[in-house]
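There are 2 protein chains.
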Amino acid sequence: MYVTKADGRLEKFDFYKIVRTCKRSGVPQNEAERIAGEIERQAYDGIPTRDLLNIILTHLEKRNAGYASRYDLKGAIMRLGPSGFAFEKFIAELFRIMGYSTQTNVIVQGRCVPHEVDVVAEKDCKRYMIECKYRNLPGVYIGIQKALYVWARFEDIRDGSDAGKCIKFDVPYLVCNTKFSDDVIQYASCRGLKVMGWSYPEGASISDILNEKKIYPVTVLRSIDTRMIGLLADANMMFCSDLSEEKLAGLGISKKRVQDIMDEVRGVLKDMV
Amino acid sequence: MYVTKADGRLEKFDFYKIVRTCKRSGVPQNEAERIAGEIERQAYDGIPTRDLLNIILTHLEKRNAGYASRYDLKGAIMRLGPSGFAFEKFIAELFRIMGYSTQTNVIVQGRCVPHEVDVVAEKDCKRYMIECKYRNLPGVYIGIQKALYVWARFEDIRDGSDAGKCIKFDVPYLVCNTKFSDDVIQYASCRGLKVMGWSYPEGASISDILNEKKIYPVTVLRSIDTRMIGLLADANMMFCSDLSEEKLAGLGISKKRVQDIMDEVRGVLKDMV
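For the record, the sequence lines run as chains Z and Y. Here my numbering is used: position 9 in the first sequence is 520, and no number is missing along the way. Here my numbering is used: position 181 in the second sequence is 692, and no number is missing along the way.
FYI, nobody ran anything at the bench for these hints, they're computed from the structure. Among these hints, one or two may not hold up.
The list treats identical chains as interchangeable, and a pair is accepted whether it falls inside one copy or across any two copies.
[Stated by the list, open to error] DSSO-like mimics (lysine-lysine), calculated; alpha carbons at most 30 Å apart, straight line:
hint	residue 1	residue 2
1	K585	K573
2	K644	K766
3	K690	K676
Bear in mind the structure is a predicted one, so any value in this text is a computation, not a measurement.
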């Protein structure tokens, strides 16, 4: 059986890919296998990926609203930008949760020109210059020009520090919410530029950290609409863990709506197996 | 008397600016002053720049079709891209006319990754790595990220050459058809990156060279339409000097149209004073 991808190419139906997708949403292994089996029976040859994903989502929803909310974590990150949450604040928070101290949008004087550093992060006596690239379409690659310019920016700041114009930075870092082209990865490893994308590097990618640390942006919530997300953005509540009955009520949201939202939040934050 | 600019700001009517505009189109000094005087009488307080430019154009047309064709050289460069002429080929030709030997779209192995160099130019035993940036809107600035990445690309190629992976390049060069932001100019002069824009640096800008060497892209011609420009692009005829009765007839263009086009070409190429 084949699945039709978004670009029209065919791909073999992969039972274990569906198991992995379910597990990433917090479903235990045996239940994930059961769902994958049901989906295998429901799917048909040539089914578009999107339809397949919708079937998976229906199954997750039937079992637990929390599974379904967590299911589209990648889309939730994509929705942060247009909702008014700055991507660099999100990344700063991600690093803070990993034990770094962070600052956003810091002006640093390089040797030749001043630079705005998206996130300055520090840990274990090392200072990181983090450049954040946000793309609002999945599948869009970050190309070599971005990696080159981050490296040149780091060099100008390093030379500025050598000349006593600014503090010292030890490591340049390029973070994006999608993918890197192959030559970015090659260039980065050759130059000592760190990179982090949605699922790169394996085990230390954005999705790995979000799942491991159970960090869920409010944009995963299915019970809130764009207007409500705007309210939360204005109030600087970016993560599900930032929400509480009191805080939501403080935004003038009705008691009934607050209950619905907090029910979903509890489902999302429930321990994953 | 004031002129209303495209962004709504007011600017004092400048007699000598109009004289300079006319002279750039090839009008002799005394005639240019006469035209500027007529325009000063025709204009009114608060006239939009665009209307003022149209009046100038009408005056130039009345005197000589060649003046009028040359008048909008900047717009002609803008129209090259959408017409199917690659900007890097245009720049390569510009450098060739300045006495450089040139090649376009050359793959060069850097220390870390391979790079595609838009134009490789050589003169006096120096080899230039030229990166071309084309913008199809006037007033759009090339920002610091572009300058930084051109520098990092140059460094990777320089290191690749040191490691014996590629030929040696001496000078990085960033060329664009619009403007550079101030920090690009500052960074470039600090690092030794050469830059050339539509009117920068003074005396050696794209417009200076075009006017000095009397190079006019076919997109200055007012007697040809988009379809005809497409024909010329396919036949690799980028400049007015590339056109002749024989070549145009060879493209299957009618005798009458060929005559009209060549009349305008002769007007454009007529010696400027």
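Here is how each hint holds up against the structure:
no. : hint         : verdict
1   : K585 to K573 : within (21 Å within a copy, 62 Å between copies)
2   : K644 to K766 : neither (38 Å within a copy, 56 Å between copies)
3   : K690 to K676 : between (34 Å within a copy, 28 Å between copies)
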